[in-house]
Amino acid sequence: MSSTKKVIVVSNAFLLTSGIEKLVLELSGMLVDQVFYGSEKKLSDKIISKKPEFVIIDPDAVSDILIPLLRELNEEKDIKIIGLVSSTSSRKIISRFSFTLNVEKSKYQLVEAFQKIVGKEEKKKSNNDQLLSKREKEILQHLAMGLTNQEIANKFFLSVHTIMTHRKKITRKLGIKTLSGLTVYALINNLVDMREVERRV
Amino acid sequence: MLLEKEMKLADVIHHDYNLVPIINRFGIMLGFGDDSIEAICKKEQINIDFFLTILNAFHDPQYLDNDYLQSFSASLLIDYLQKTHRYYLQNKIPEIEGLIKEMKSEFELDNVSYNLLQKFFIEYKNELINHIENEENRVYPYVIDLENAGHGHPISATLISRIKKYPIHSYEAEHEDVEEKLTDLKNIIIKYLPPSKSQRIRFRLLKELTVLEKDLNDHARIEDLILVPKVEILENLVISKQHL
Numbered sequence: 001m002s003s004t005k006k007v008i009v010v011s012n013a014f015l016l017t018s019g020i021e022k023l024v025l026e027l028s029g030m031l032v033d034q035v036f037y038g039s040e041k042k043l044s045d046k047i048i049s050k051k052p053e054f055v056i057i058d059p060d061a062v063s064d065i066l067i068p069l070l071r072e073l074n075e076e077k078d079i080k081i082i083g084l085v086s087s088t089s090s091r092k093i094i095s096r097f098s099f100t101l102n103v104e105k106s107k108y109q110l111v112e113a114f115q116k117i118v119g120k121e122e123k124k125k126s127n128n129d130q131l132l133s134k135r136e137k138e139i140l141q142h143l144a145m146g147l148t149n150q151e152i153a154n155k156f157f158l159s160v161h162t163i164m165t166h167r168k169k170i171t172r173k174l175g176i177k178t179l180s181g182l183t184v185y186a187l188i189n190n191l192v193d194m195r196e197v198e199r200r201v
Numbered sequence: 001m002l003l004e005k006e007m008k009l010a011d012v013i014h015h016d017y018n019l020v021p022i023i024n025r026f027g028i029m030l031g032f033g034d035d036s037i038e039a040i041c042k043k044e045q046i047n048i049d050f051f052l053t054i055l056n057a058f059h060d061p062q063y064l065d066n067d068y069l070q071s072f073s074a075s076l077l078i079d080y081l082q083k084t085h086r087y088y089l090q091n092k093i094p095e096i097e098g099l100i101k102e103m104k105s106e107f108e109l110d111n112v113s114y115n116l117l118q119k120f121f122i123e124y125k126n127e128l129i130n131h132i133e134n135e136e137n138r139v140y141p142y143v144i145d146l147e148n149a150g151h152g153h154p155i156s157a158t159l160i161s162r163i164k165k166y167p168i169h170s171y172e173a174e175h176e177d178v179e180e181k182l183t184d185l186k187n188i189i190i191k192y193l194p195p196s197k198s199q200r201i202r203f204r205l206l207k208e209l210t211v212l213e214k215d216l217n218d219h220a221r222i223e224d225l226i227l228v229p230k231v232e233i234l235e236n237l238v239i240s241k242q243h244l
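Order-wise, the sequence lines are chains A and B. The numbering used here numbers the first residue of the first sequence as 1 and each following residue consecutively. The numbering used here numbers the first residue of the second sequence as 1 and each following residue consecutively.
Derived from the structure by calculation, the hints contain no laboratory data. Since this is a predicted model, take the numbers as computed values, not measurements. Here a beta-carbon is modelled for each residue, glycine too, at the ideal position from N, C-alpha and C. Just so you know, not all the hints are guaranteed correct.
Residues from chain B shown here face chain A by an in silico Cβ test under 7 Å; the list is partial [claimed, not checked]:
| hint | residue |
| --- | --- |
| 1 | L116 |
| 2 | F120 |
| 3 | E123 |
| 4 | E180 |
| 5 | K181 |
| 6 | D184 |
| 7 | N187 |
| 8 | I188 |
| 9 | Y192 |
What follows is a list of derived Cβ distance ranges for each label pair [stated by the list, open to error]:
| hint | chain 1 | residue 1 | chain 2 | residue 2 | range |
| --- | --- | --- | --- | --- | --- |
| 10 | B | Q90 | A | K168 | 35 to 41 Å |
| 11 | B | K8 | A | M164 | 52 to 58 Å |
| 12 | B | M1 | A | K22 | 16 to 22 Å |
| 13 | A | I94 | B | D49 | 39 to 45 Å |
| 14 | B | K214 | A | I67 | 30 to 36 Å |
| 15 | A | N154 | B | G98 | 41 to 47 Å |
| 16 | B | D49 | A | S98 | 42 to 48 Å |
| 17 | A | R135 | B | A157 | 56 to 62 Å |
Excised from the complex, chain B in its bound form (with noise of 0.2 Å):
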């Protein structure tokens, strides 16, 4: 199903549960009443093409394609990224830690597995930060300053050599081996930990891997479909305009 601007946001949470931490990312709080998600943009100052656009496509995977690229600023999008991220580090992988903990206090784990299991997830947990920080220090920064140049800032030498030398494509495809970590990780819950007479603190601890194996897919596929390609067009542009 399409999300269009005259739908109840409380509709579409209804609809699609899995939409809740996409619109806490945006500062929407559950308790907004009866408004249409319209309504609700305008009162929270949000950007209602990117919201729908950002909506939709974590509500449909089959929904992203190159169309959606100029409605809004590459800013925009990298401001919610960011966003993205520190809910991953704030809220997930504490939640995660915490899971992992409690599985050993509630003795689902025996010592052993519960040192492995920690260690296994501080590595991951270790991986994810190193490509976090390297997309908000030296990816995102590259991206405003081309938007800026595209905009009718000065264009720098420095500049035009990170694209010829760093061309946004060069970043692409170093998503994987965190992904693969955790794909293990959820393997080995839920094949190769031995088996404990509760399990309760073990489903909740899979169920959030999967929400987090699903909110990074979605997370990578946005940076894929619609980060990559506006930053190609801002490369472009920014070559094209340095002989002006």
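Here chain A stands alone, though its shape is the one from the complex (with noise of 0.2 Å):
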């Protein structure tokens, strides 16, 4: 099994609430990592933050900052964006959300259609599992000495955009996402020297 997926959840309906954190629980290796209310301050910040696989919205919950909402979450590749709705849904809505869920469907109904979506992105990302890369670990060696990522990309002929992918990539990998933290573990799998880190700073 790969790795568990984090969903969000935005939605100020408790029963609502409640229903999805339990469809949540039918499918294997999800769970509902938080649920925020459509008024919160900065919510796509705290939402990418979180780095969700999935973010599931009521859009009764956020009503007038639906639009900005969603473009700023679609900014972010890795999140797919589930919308709630119902049959009495306006189509525009409904058009505004890559993935729909219809809230009146029964519970075996909404199971398949979740799985599909799940499914889509299972295919994906099967090839793609924990090991790091050979370049993924020259960029983290070149991290752990202090180099910054535009000292990299020289180095490599990459462009910082490149790096900056790469490290996504790793942080995704290992489940580390602080420069130092990146350190000490580069540290302990031997990737870097002790010396050659204490050199640079």
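Hey, can you piece these two chains together into the complex? The hints should help.
In structure tokens, the structure reads:
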């Protein structure tokens, strides 16, 4: 099994939230990481910082900020956004979501629909396990030695943007986000030598 | 479950052990007998609305919403937040540092890993201290000034320009890096530290970090969902008052 998938829920309605939590439990390897109210400040920043795989949004909970919220979330390519809709939802709202779940469906219809959304994701990621590629290891080594993204980019004749992309992948694979955390990982795994790290610092 | 003033505090603690550090922050010591929350608050001179809000917020993350803003003062809230800071710095951090040292003395860690772990934790600690000092030295005095101005104290020009230049919402979202380091630390301990024969202390360390993480999250939530909206109301009030 691949790693646990995080789901963030944006909803004000308790009954709806509880139902979603139950639905998510039906799918193996998924959990609801946090529930936000639609009125919370800097909602999209908070959601993105949680690095969820899925965000389930009740459009009613965010009514007038739906469009900016979706715009900001859509910039994060790793996040799949699922809208909760019903037969009375306007077509305009439904069309804003790439994935939807209809709240009026029965349990197993919902499980099946949800599985389909998750499944599309699964196939794409299956050959991409937790091991670092050769290039990612090299970049990690240089990060641990204290080089900046720019310096690493120059060294490998790559763009800073490419280095950032590699770095995001490294973080996702290892579950370590901060530079000092990555350095500790590199040292424990003998990717770099303590002297090389200290020389730069 | 909603925690209410008629309940016995002992039953509440049986129901949710995580609330022990919270009651401690309010100065309630274990050994309080069979009293209700209300009786204990009266005895200890604790504002009961505020106490119940904080208890419920820690007990159920979905409890907080904006209806609770008016029942207590900003200074009461800040006093509580400062006590929480003291709890992190004087209790939690030394406890965790002690466990890291103990891991070494009990041979659960080789020298290299110990040095790495310790250095990483010191970095984390310094960031946490910086964050706390920034709040206590810059944000909290500002909130107190606002509250005083809202209660009829003279409104200074400095305060007005501060509201316009650095309103409270400019301080939000500063928790992040501190949180990230803690998550990294947990991942290093769970996944990447070389295994050792005995891991007794490693388990305790992981548990302490998890408890601290939850507490910090709840703390940040209280700031975001109670303090910030409350301060925004005060900011607007003071701005509207200056012309009177």
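The hints, checked one at a time:
1. L116: holds (5 Å)
2. F120: Interface hint status for F120/B: holds (5 Å vs cutoff 7 Å).
3. E123: At about 5 Å, which falls below the 7 Å cut-off, the nearest Cβ of chain A leaves the hint on E123/B intact, so it holds.
4. E180: holds (5 Å)
5. K181: This interface hint holds because 5 Å falls under the 7 Å limit.
6. D184: holds (3 Å)
7. N187: Holds, because the Cβ-Cβ distance from N187/B to chain A comes to roughly 4 Å (cut-off 7 Å).
8. I188: Holds, because the Cβ-Cβ distance from I188/B to chain A comes to roughly 6 Å (cut-off 7 Å).
9. Y192: Given a least distance of 5 Å, the restraint on Y192/B holds.
10. Q90/B to K168/A: 35 to 41 Å: For K168/A against Q90/B, whose Cβ atoms are near 37 Å apart, the range 35 to 41 Å holds.
11. K8/B to M164/A: 52 to 58 Å: Given a distance of about 55 Å, which is inside 52 to 58 Å, the answer is holds.
12. M1/B to K22/A: 16 to 22 Å: Hint holds: Cβ distance 19 Å, inside 16 to 22 Å.
13. I94/A to D49/B: 39 to 45 Å: holds (43 Å)
14. K214/B to I67/A: 30 to 36 Å: At roughly 34 Å between Cβ atoms, I67/A and K214/B fall inside 30 to 36 Å, so the hint holds.
15. N154/A to G98/B: 41 to 47 Å: holds (44 Å)
16. D49/B to S98/A: 42 to 48 Å: holds (44 Å)
17. R135/A to A157/B: 56 to 62 Å: holds (57 Å)
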